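Protein chains: 2
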Amino acid sequence: MNARDAGAGSAPPRDPLSRLEELARALRCLPGVGPKAAQRMALHLLQHDRDGAQRLAQALVDATRTVRHCERCNTFTEATLCALCQSNKRDATQLCVVETPADLLMVEQTQAYSGLYFVLMGRLSPLDGIGPKEIRLERLLQRASDGVVREVILATNFTNEGEATAHYLGELLAARELRVTRLARGVPVGGELEYVDAGTLAQALRERRNMGSEP
Amino acid sequence: MNARDAGAGSAPPRDPLSRLEELARALRCLPGVGPKAAQRMALHLLQHDRDGAQRLAQALVDATRTVRHCERCNTFTEATLCALCQSNKRDATQLCVVETPADLLMVEQTQAYSGLYFVLMGRLSPLDGIGPKEIRLERLLQRASDGVVREVILATNFTNEGEATAHYLGELLAARELRVTRLARGVPVGGELEYVDAGTLAQALRERRNMGSEP
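Chains Z and Y, in that order, are what the protein sequence lines are. Quick note, the first sequence lines up with residues 1 to 215 if you use the working numbering. Quick note, the second sequence lines up with residues 1 to 215 if you use the working numbering.
Worth flagging that the hints you see were computed from the coordinates, not collected in a lab. Heads up, a few of these hints could be off.
If several chains are the same, the list does not tell them apart, and a pair holds so long as it fits within one copy or across any two.
[Said to hold, decoys possible] Below, computed lysine to any residue pairings styled on SDA-like, alpha-carbon distance capped at 25 Å:
(1) Lys36 with Ala57
(2) Lys133 with His44
(3) Lys36 with His48
(4) Lys89 with Gln142
(5) Lys36 with Val107
(6) Lys36 with Thr110
(7) Lys36 with Asp51
Here the structure is a predicted model, which is why all the values come from computation and not from measurement.
Chain Z extracted, bound-state conformation (with noise of 0.2 Å):
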């Protein structure tokens, strides 16, 4: 039986679910998708949840066409300047150094912090060819350099390259007279000692506090 006989209509013959195989490897764009998982979701939208495909598709559209990067602080945004840069409730004086958005949204999350943020968009990483140019770090230093900025909080993350990139950083604000600090290291809050690795351990050996008043 052939195409014409099985009333296949003017479509032309095309692979076996080939649409489907198009959708599973469009999804593989996503972090931590895989072939198998990739053919899991094209299956379930188009079985379960053709709406939310749709709505996905749309949101996958809009979010590309309008989301942009702050000109003050480089983080997504739709606008000019993103909400917290607009914000007049922030303290701006104080100016958190984060490598990407999301370490931005988990500092706002703590709302342990009121002041401002810069996002790197990256870290150092000199066998990646990622220098100081390619992460424009000459805009940071403009930045804190508005004579409002007294305090640049370090918030890199605690990888070798995050600490290389919060090193280079420290040594090139400190020469600005500004106060440079960097996020504390120990055991984590609920950490068990016999859990805790022996790096975080001896860290927080190191940096060990007084307790109660100072001497």
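Got chain Z sorted already, so can you dock chain Y onto it with the hints?
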């Protein structure tokens, strides 16, 4: 500083990151994607792969518009009949019954089957209100009674619901002078007895096979 001073242009002030949040919310229609993973995916797409996001949007639109069910076997296709049902290279005397298109693809991957398929698009699940009508078993009975099919291979899952579905179908089909078979149960290829669960091992004992020539 308010939005106008900041030169935010004519766009009305919006929630921070709102299109981004909409995208993250929309990504949660994907199976196995929680709020944290959805946010990570949204940020990744905007930061590193806007082209991929556009392609994904297009693939979603294309697939939801064009993919429908094969009129004969119920699997996903873009034509009236799927490529397998259209093929004249398949053995039309064998009909393999599976729960989902993903199961069909798995059986095809074995390259050990050259017959046709019928996809239930579900399983009997009385507790969820899914009975013989909901998965339209009468369509399968009609399909299996075309006079060409000689053997129906029940390849539903070996879960409680899949087994119940196979049992129910087996009784219905056996009354129609069809050979009805079920996939073999037993120790998986490469399986070590020490790590096989007791239920599987018991089944493999009960359904043990003669080695060499039958007596």
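How the hints compare with the structure:
{"no.": "1", "hint": "Lys36 with Ala57", "in the structure": "both (21 Å within a copy, 20 Å between copies)"}
{"no.": "2", "hint": "Lys133 with His44", "in the structure": "between (44 Å within a copy, 22 Å between copies)"}
{"no.": "3", "hint": "Lys36 with His48", "in the structure": "both (18 Å within a copy, 23 Å between copies)"}
{"no.": "4", "hint": "Lys89 with Gln142", "in the structure": "within (22 Å within a copy, 70 Å between copies)"}
{"no.": "5", "hint": "Lys36 with Val107", "in the structure": "between (34 Å within a copy, 15 Å between copies)"}
{"no.": "6", "hint": "Lys36 with Thr110", "in the structure": "between (36 Å within a copy, 16 Å between copies)"}
{"no.": "7", "hint": "Lys36 with Asp51", "in the structure": "both (23 Å within a copy, 22 Å between copies)"}
Of the numbered hints given earlier, the model fails none.
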